[in-house]
Structures are given as structure tokens and as C-alpha cells.
Amino acid sequence: MRVIYSGIVVAGVVVQGIRRMGFASRSWVRRYSTGKRVEKVDEECREWVRRLEWRGVPEDLYRTHYDRAGGPGGQNVNKVNSKCTLTINGFSVCEWVPLGVRRQLAEKGFRYYARAKDAVVVQCDTWRSREDNRKGCLQKLVKEIKAAVYFARPVSEEKVERWTKIHKDADRSRLKVKKLHGHKKKARTRITEF
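First residue of the sequence shown: 667, per this note's numbering; consecutive thereafter.
Certain hints may be false.
[Stated by the list, open to error] Estimated spans, in silico, between C-beta atoms of each pair:
id, residue 1, residue 2, range
1, V743, A813, 28 to 34 Å
2, K706, H833, 26 to 32 Å
3, V826, E725, 42 to 48 Å
4, G756, R794, 30 to 36 Å
5, H833, V743, 36 to 42 Å
6, A780, G722, 40 to 46 Å
[What the hints assert, rightly or not] In silico PhoX-like pairs for lysine-lysine, Cα to Cα no more than 25 Å straight-line:
id, residue 1, residue 2
7, K745, K809
8, K831, K774
9, K834, K806
10, K831, K842
11, K774, K834
12, K852, K831
13, K834, K844
14, K812, K706
15, K812, K831
16, K825, K809
17, K745, K774
18, K812, K783
19, K834, K845
20, K845, K825
21, K783, K809
22, K852, K842
23, K774, K706
24, K706, K825
Because the hints were derived from the structure by calculation, they are not lab data.
Cβ atoms here follow ideal geometry from the backbone N, Cα and C, with glycine treated the same way.
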């Protein structure tokens, strides 16, 4: 288990706090715009996710196991082992998946991740063919990774200034309405001086 202590700058990232987990150390990180290394790593991870396809998953990375499928299907379901269970053991140290992607999957609660076994387990019994079910497992895995992982693009200074102005204007108008409402309520009170 990796442990990073708070206050240390790691690859342009200032680590604010730490919580130990079985998957990896989850840290609360504040990223500063000066961290060129962080932007480069994020760009590499973003590109990896963009290029990710089910055909690109290395076969030596996972293990497949075939069982009998459940549900309707008659004799084919009862006699043929066509349900595919795809397992990636040691996912927290899997070199094929970049660290930034693995960290996000752990933080967001990756659907197929079995924390106790440190493995990713995907099942598919949609088709009658073993090969189609194996392909279905890989497609499910890739689809879930692409849905769960997001890397924000760098924002220009113009946009930051624009949104700062919008937020300030919204706060100003909200406070103005609040003040008017307060004056209205104050005017309703009776003056009872003798």
C-alpha cells in the first residue's frame, strides 16, 4: 500500500490529506495551475481513455472462465458453458491502466471492481457463443471505464475571468434582492412608542 504524507509536493501536486485504502492511497489533492507535470499526466490519461477499445485490451492481462448461463434458453443453456467471466487480478498495480485512471476508478466506485480480491470481474451471458460473450465482457469493461473517468481540460484565463465576473454579478444581485426583502419586512413592523 502506497502512503503519501500531507504537505509533500508530488509531480506538481500538493497533497493536502490522506486516507488509506486497500486499492491505493486516496488523497485529497489541490492542483495549482503552475503544475505542468500534472497537466501532462492528465493529458496522457485523457488520450489513453480516448484511444481505449475492447480490441486493445491485452489478452495476457485477464483470465476468462466459462460457466453455464442462467435464465431462458432451453437445452442450449442447460448443456453448454457459454457464460463468460472475465477477471483482471491485481488491478491496483496493473501497469496497463495508467495511475490517474486507476485512482479515479477507485474514488468513483468502479462498478466491476471487487475490493476484497483487488480484482475486476465482468460477466456476460447475452449470446450463445463463448467468443461473443468474451467480446461482450471486454466491451462492458471499456464502456464502464470511459463512463467513469473524466479529465478536465485546461481552462483559459479569459474563461476564468468571465465566470468570476458572472459569479460576482449573481452574488451582487442576490444581495440586492435580499436587502430589499429585508427593508420590506422592516416596514411592516408597527411602531409602538409611548
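Exercise. Between G756 and R794, is the Cβ distance one that fits in 30 to 36 Å?
Worked result: 32 Å, holds
Problem set entry | K852 paired with K842 [C-alpha distance capped at 25 Å] | 15 Å, holds
Exercise. Per the hint of 36 to 42 Å, is the separation of the Cβ atoms of H833 and V743 within bounds?
Worked result: 58 Å, violated
For this session: Given the hint that K745 pairs with K774, test it: the Cα-Cα distance must not exceed 25 Å.
Result: The given pair, whose Cα atoms are some 39 Å apart, is violated under the 25 Å limit.
Exercise. Can the restraint linking K812 and K783 be considered satisfied, given a maximum Cα separation of 25 Å?
Worked result: 23 Å, holds
Exercise. Range hint 26 to 32 Å: satisfied by the CB atoms of K706 and H833?
Worked result: 29 Å, holds
For this session: Sort out whether K774 lies within 25 Å of K831, counting only the CA atoms.
Result: Judged against 25 Å, a Cα distance of about 32 Å means the pair is violated.
For this session: Could you grab the alpha-carbon distance between K831 and K842 and see if it respects the 25 Å cut-off?
Result: The given pair, whose Cα atoms are some 16 Å apart, holds under the 25 Å limit.
For this session: Would you check the hint for K834 and K844, treating anything up to 25 Å between C-alpha atoms as holding?
Result: With a Cα-Cα distance of about 15 Å, the restraint between K834 and K844 holds, given a limit of 25 Å.
Exercise. Has the given pair, K745 with K809, been kept, meaning a C-alpha gap of at most 25 Å?
Worked result: 30 Å, violated
Exercise. Holds or violated: are the alpha carbons of K783 and K809 at most 25 Å from each other?
Worked result: 22 Å, holds
For this session: May I ask you to test the hint 28 to 34 Å on the CB atoms belonging to V743 and A813?
Result: 30 Å, holds
Hint compliance for this structure: hints 5, 6, 7, 8, 9, 11, 12, 15, 16, 17 and 20 are not met, and every other hint is.
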